[in-house]
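**Q** What follows is each chain in one-letter form.
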Amino acid sequence: MNRYPLWKYAMLIVALLIGTIYTLPNFFGEAPAVQVSSGKVTVKVDSAMVGRVEQALKTAEIKADFVQFDGSSVKARFADTDTQMKAKDVIAKAVNADPADPSYIVALNLLSRSPQWLAKLYAFPMYLGLDLRGGVHFLMQVDMKAALTKKAEALTGDVRSLLRDKNIRHAGISRDGNSVVVAFRDVEARESARRLLTDSMADVQWLPGSGAEPSLVGSLKPQSLVAVQEAALKQNITTLHNRVNELGTTEPVIQQSGLDRIVVQLPGVQDTARAKDIIGRTATLELRMVDDSTEAQAALSGAAPVPFGTERYMDRGFGPIIVKRQVVLTGDNLNDAQAGFDENHNPSVNLTVDAKGARIMKEVSRENIGKRMAIILFEKGKGEVVTAPRINSELGNRFQITGAMSTQEANDTALLLRAGSLAAPMEIIEERTIGPSLGAENIAKGIASVTWGFVAVAIFMCIYYMLFGLFSSLALGFNLLLLMALLSMLQATMSLPGIAAMALALGMAIDSNVLINERIREELRNGASPQAAIHAGYERAFATILDSNVTTLIAGVALLAFGSGPIKGFAVVHCLGILTSLFSSVVFSRALVNLWYGRQKKLKSLAIGQVWRPEPEADVPGKA
Amino acid sequence: MELFRIKRDIPFMKHALIFNAISFLTFAVAVFFLVTRGLHFSIEFTGGTVIEVETPAAADTEKIRHTVEKMGFGEIQVQNFGSSRDVMIRLPVREGEKQTEVVDKVFAALCTAESGTVSRHQQITDKGESISKQICNSSAADGSKVEPIKLSRSEVVGPAVGAELAWDAAKALGFTILGIVIYLAIRFEWKFGVAGIIANLHDIVIILGFFAYFQWEFSLAVLAAVLAVLGYSVNESVVIFDRVREAFRKYRKLNTHEVIDHAITSTMSRTIITHGSTQLVVLSMLIFGGPTLHYFAMALTIGICFGIYSSVFVAAALAMWLGVKREDLIKGPANKEDPDDPNAGAVV
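Protein chains in written order, with the numbering used here: chain A, 1 to 624; chain B, 1001 to 1348.
Just so you know, not all the hints are guaranteed correct.
Straight-line distance between alpha carbons at most 20 Å, and here's what the computed EDC-like set of lysine to aspartate or glutamate pairs gives [claimed, not checked]:
1. A/K445 to B/E1054
2. B/K1250 to A/E539
3. B/K1098 to A/D143
4. A/K362 to A/D336
5. A/K276 to B/E1101
For the record, the hints were derived by calculation from the structure and aren't laboratory data. All of these numbers come straight from a predicted model, not from anything done at the bench.
Please build the complete structure, drawing on both the sequences and the hints.
**A** Here it is in structure tokens:
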């Protein structure tokens, strides 16, 4: 009755194996590494960079453990810090042609020391939270009101140009809060305007105004309102990514938190002032006319100096370009940039400018049809031409950039144009700095408390329950292994509350084992045969174990659902710990018991500690 | 080894009234302290600024207090934290103040007070991670460079965040209580659900009472511990209720309070051993976990101690006062043969 089928053992061995493999990376520690990431929004790091880095290291005869591309940066790991420093210089020299204006950030970093084959199995160590690693944490609040106001401003401009295009006369367009108010002289004009606006602006609902004069009030539909806010948040996150990349130290965390908040965590950074400086920095966008005159052509070929009133910039694709100093428009007037398609189904970048921008664009474009206009992105005081399209016709508040570009290029350009600015202003509402030594101390203390807790419980169990105590302790160890493996697989962020939850999970996991062992003793006390006692012990204790774990799980889920930050870190480990302990105490410990006792037909006694039998008179509980 | 050799069922319920009076008293005392003293909320809830600095020798907290007080932040707190070299400074939220600049200002002032200058420093750790940080430099008497004060941790929390956290915590608490009551009501009977949850709220109020009386800092981690205790402590009640149900089936001659006595007595050893081992782990956290885990472990310690007591004397007794009967748990013959009930075989 106490035998497990072979498949159950096979399953446990697989679980043990998977557990071990995925827990392993956590024990290797970290090795020095060099990370190459983009230094400008206009520069993208791709897998080709791996080759360049490898080549540079090869020529300098520096041996790297490996060089790999991880989606946004290239990382190379080295055996020791000396090699790392040398490699950093070599790589920096190789990838950055101009040290004064680096296109790539070459930074020192730490990478897990675990071997490559583990990484190939997607076994990575847990990510250490800031409290264990040191760094700065910001919680930023996005001003959604401002995002909506900006959108309403844009709508006002759109309405104006739409009505003008269709020759519908109005008596003034104004913005009232987040809605657009259009006044009319007569009801017919209002009705035709209403038809037009409803058809051409799907995300706005138009209602007649309440005043004596005929008017229309347009406001964003609820779902578009949400969409605007989501877009603003996304754009802010993108912008933050670009800016934070510049710090280049370690993998930053930039995440949405709730509806209107962004969490920024920068491990390894201690200097909040500099971090804030970079987060708060705005890249600016400028639209200027390209100088295609003969003097400029001569200047480009190097035959003449740059003409008066112009400047020379580098274009992303084509090389130098001469543009006029006079600024047509700045990024402040740019409301949106989206990738799309033109009427011939070629990829395009669709730009929207605000009312003031539209006026200027109209004038400038009318006068300069056939000429080129450059869009220049300024970062850290240095400008770079993103694109320089030819003006084909008079432009309004919405216009397209088309040309020989792929969909991907259109996306990138749109991203670049948006990247400079924030969709809505942000404010830092929470800020944390944790020193690196404090982090190391926290890890050491957390691990010490788990270890000593485990040792104490294991010793007690072995003394009190003898062999069954040993089984329980092994099950407890198995539980810890599974928990670590699960957390590593999920790439959870381990923080101090998480370690505390792990310790607590150990304490609580033993409960199931105690329940089982006590039950077996009780069965023995009541005169059951050893095999029957084991069987009954496990079977009967199960209901109780389930009940008690479900209640704990309810509390854990509540914490997970409503908690944030440290509470969530605690809750994740807590909930997972309950699940793994359920599995390990019920299935794993029983497998051990079955393996040990299951095959013995004439089992006389169990090594479960002393079983004291009451006097016969006390057989019936309560009053004898 | 066996610790518990209980010959007969201990008549717990005979003394239920006395124990209930005692628990009511402790509960009342805890509520009294909660009302009169209130909880000492961490800045996660209240908003504000916490700065932790480390000094090379034992810190002169008076001097630090004086320096910070001069800056006029209102009611500030300066105290040692962990060791005599670590100092924690707490500043309240103030209207119109750019909170995020406070840390830099205070650190600069403290550094100046130690006749040092603040500079930014790019440093590479022995592991090869580059760290940029603010450090305070000053020259020692013998001309060597020293760091008279080190910034080890700082936190700034806006008041809005705190209010939201408190609301989230209330929601989590509400959800947990509701969830547990519903679960117990389905699995057992509503009387057990109510009894169990009251017993556990009793534990929680007592933990809070301790935190109020000693003015220990009530942080998010402590809140997590309190809610974990809520789930954990229900365990005890569930194990006992489980036995009550079984005993009702098994010993048909016993009356309700004898059944409860039997259930408690027969789970006694398990209760004590489980709590003992959990307590071992929590104590290890209390001893080795350092100051950051201190209050977390403390809340758990108190919760576990009172958890034993409350599940025995409060939960079981309350269930008894609520009038739990055999019929509540054993319903008709159809239920008796429920194939999913692992206790079905226990019927004699």
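**Q** Are the hints correct? Go through all of them and say.
**A** Right, here's what the structure says about each hint:
Among the hinted pairs, A/K445 with B/E1054 is consistent with the structure: their alpha-carbon atoms are about 18 Å apart, no more than 20 Å. Taking the CA atoms of B/K1250 and A/E539, the gap is near 17 Å; set against the 20 Å cutoff, the hint holds. Between B/K1098 and A/D143 the CA atoms are separated by roughly 17 Å; this keeps the pair inside 20 Å, and the hint holds. In summary, the hint linking A/K362 to A/D336 is supported, as the alpha carbons are separated by about 18 Å, within the 20 Å threshold.
A hinted pair counts as satisfied when its Cα atoms are at most 20 Å apart, and A/K276 with B/E1101 qualifies at roughly 10 Å.
Comparing the model with each numbered hint stated earlier shows that all of them hold.
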